[in-house]
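Asker: So you can see what is in the structure, the chains are spelled out below.
Number of protein chains: 2
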Amino acid sequence: MADPLFGRVAIVGIGLIGSSIARKVRAQGLAGHIAIADANPDALAEAERLGLGDSYAASAADAARGADLIVSCVPVGAAGSVAEEFASVVTPETLITDTGSVKASVIRQMLPKLPYPSRFVAAHPVAGTENSGPSAGFAELFENRWCIVTPTEETDRRAIELVSAFWTGLGANVETMTPEHHDLVLAVTSHLPHLIAYNIVGTADDLEDVTQSEVIKFSAGGFRDFTRLAASDPTMWRDVFLHNREAVIEALGRFSEDLSALQRAIRWGEGDMLFDTFTRTRAIRRGIIDAGQEVDAPDFGRRPATRDGSAAEEKGEGNRRNAADRKQAR
Amino acid sequence: MADPLFGRVAIVGIGLIGSSIARKVRAQGLAGHIAIADANPDALAEAERLGLGDSYAASAADAARGADLIVSCVPVGAAGSVAEEFASVVTPETLITDTGSVKASVIRQMLPKLPYPSRFVAAHPVAGTENSGPSAGFAELFENRWCIVTPTEETDRRAIELVSAFWTGLGANVETMTPEHHDLVLAVTSHLPHLIAYNIVGTADDLEDVTQSEVIKFSAGGFRDFTRLAASDPTMWRDVFLHNREAVIEALGRFSEDLSALQRAIRWGEGDMLFDTFTRTRAIRRGIIDAGQEVDAPDFGRRPATRDGSAAEEKGEGNRRNAADRKQAR
Chain A
0 MADPLFGRVA IVGIGLIGSS IARKVRAQGL AGHIAIADAN PDALAEAERL
50 GLGDSYAASA ADAARGADLI VSCVPVGAAG SVAEEFASVV TPETLITDTG
100 SVKASVIRQM LPKLPYPSRF VAAHPVAGTE NSGPSAGFAE LFENRWCIVT
150 PTEETDRRAI ELVSAFWTGL GANVETMTPE HHDLVLAVTS HLPHLIAYNI
200 VGTADDLEDV TQSEVIKFSA GGFRDFTRLA ASDPTMWRDV FLHNREAVIE
250 ALGRFSEDLS ALQRAIRWGE GDMLFDTFTR TRAIRRGIID AGQEVDAPDF
300 GRRPATRDGS AAEEKGEGNR RNAADRKQAR
Chain B
0 MADPLFGRVA IVGIGLIGSS IARKVRAQGL AGHIAIADAN PDALAEAERL
50 GLGDSYAASA ADAARGADLI VSCVPVGAAG SVAEEFASVV TPETLITDTG
100 SVKASVIRQM LPKLPYPSRF VAAHPVAGTE NSGPSAGFAE LFENRWCIVT
150 PTEETDRRAI ELVSAFWTGL GANVETMTPE HHDLVLAVTS HLPHLIAYNI
200 VGTADDLEDV TQSEVIKFSA GGFRDFTRLA ASDPTMWRDV FLHNREAVIE
250 ALGRFSEDLS ALQRAIRWGE GDMLFDTFTR TRAIRRGIID AGQEVDAPDF
300 GRRPATRDGS AAEEKGEGNR RNAADRKQAR
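Going down the list, the protein sequences come from chains A and B. In terms of numbering that gives the first Met the number 0, the first sequence opens at residue 0 and continues consecutively. In terms of numbering that gives the first Met the number 0, the second sequence opens at residue 0 and continues consecutively.
For the record, the hints were derived by calculation from the structure and aren't laboratory data. Cβ atoms here follow ideal geometry from the backbone N, Cα and C, with glycine treated the same way. No incorrect hints appear here.
Computed spacing ranges between beta-carbons, pair by pair: (1) A/Asp275 <-> B/Arg266: 26 to 36 Å; (2) B/Arg266 <-> A/Gln211: 22 to 32 Å; (3) A/Ser259 <-> B/Glu179: 18 to 28 Å.
Covered, in the sense of this in silico footprint (three residues per stretch, anywhere, with C-beta under 8 Å from a C-beta of chain B), are these stretches of chain A: (4) 242 to 249; (5) 254 to 264; (6) 276 to 288.
Isolated chain A, as found in the complex (with noise of 0.2 Å):
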């Protein structure tokens, strides 16, 4: 285990990706001090009871009281709020982060009412589950993910750099961009995919020529991969939405003027148009597999739940194969 990079680490709002941090922190020995703040009660409880931190405090301040790093990391709508609560106790040494979904807003939020705003490093770790809460996080969430760190023209460099190191110690690999660049970006590959998500598994729920029962029944035919996504956390990316406005609804934009030409094509019956849209779709996923963001085996890796309920062991020809092949890729 490594000296620690911080003597007293905060880490206000303890969901899933607060949560994931302290396990993190813990395992690696990268803060003498946890100190955990949570303005629901119950998520507090919880954190005390599954022992995350070294301290828990209802008030961000409290916690944030003799921190040397601060991690933000509610829901991007109570971003300002959350800044003013613990501007009070820092000092022009305390080192401050976020972990939003959405950076441009957060900046403007934030920055206003910090006292030493050159010590403020936005970030965002592009990671997660759908599951939300102080027990849904766990240590390994950010092994070979992205941080994504958005500093200004006048963002401190050294703070930069410890802000780095502290994501580099949790397992991530670390990108720097422009928080207008940032949300561009995410809008694509995380905020678009979301909204979709949570559209067509409302509009299955709304139908009257099929039952909900039907639904779920045949889901396996591909409906059952956006429901993930869907189940997130609602008041997550409610903000989410609200905060990103313009870059999502521009890429919703691209997104529906491509639906609405494959609409065409079906109509019409162009089938070499959807061929060649089908054909070309296949390369990325190779792309993401190849850049380690995504497993390289069938249907996910999703273990088939046998009759008896337990999980069936991958035994197929075909799954041997795929084994086969990983090896040989690499």
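Fit chain B to the supplied structure of chain A, relying on the hints for placement.
Answerer: Structure of chain B alone, referenced to chain A:
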């Protein structure tokens, strides 16, 4: 092992579905002889190399001659021509079924070619992966999945029973409905999801402000979930959309309407509408998990790849807890 249900089973088309059937028929001893046909010489040679059958033929008629059951596993657009190929060798006793993802069109294509139309029982196993070809199949593919049987008023009762028994023997649950209702249900649970997935991946590939490399690197934010369906076989899916045109366009119309409403809510900052929609969609995933059609593990149970390339073991507190929850739920 039970007595074989059939003497000779002919599988016409040895892709993902045909080769999974061949493997399971063998494993369960459902047939005395497995005859495999594929017009593609490479696929046929691969099937032979894998030892999937007892005999191999380029022509559907050669495989089907003397068969007690013919299973057509070709893309939906080829249903009519394949029926024409083997029509000359069928007898009044030959049972015929298929596995196409669209049912009304397949029935329209095949029935006029068959000398004993009452012996044709259209069926559709709602199962698959994004991989294709003879080596992609595996015997467990249909385990605990649904196979929808869609007889018409002319279909022989005993034929329906035998085809249903065949699918039960392959591990599936059998449900019966009209071809038209099947096509409506699958438009929602399978065809629309594939179209949406192909479309969003295509959109992301076409942007100017966001590079393909960025889409790949930051795909763990949600985008990667869509790439699995968008890596599915282009020929198969082109045919599905061309042959279930009306139902797909109808489902797409609903989807687009609902998406416009979400877009409007984002534009006007209607957070409550977003929150309500995102809350409602959570329940459907729970239903799908409870119905045994999805795994109850975060992230589809994906094992994240660690830096050394091996799959990480599940060892986080969250994963332990989830395993405990699963046990309690039983």
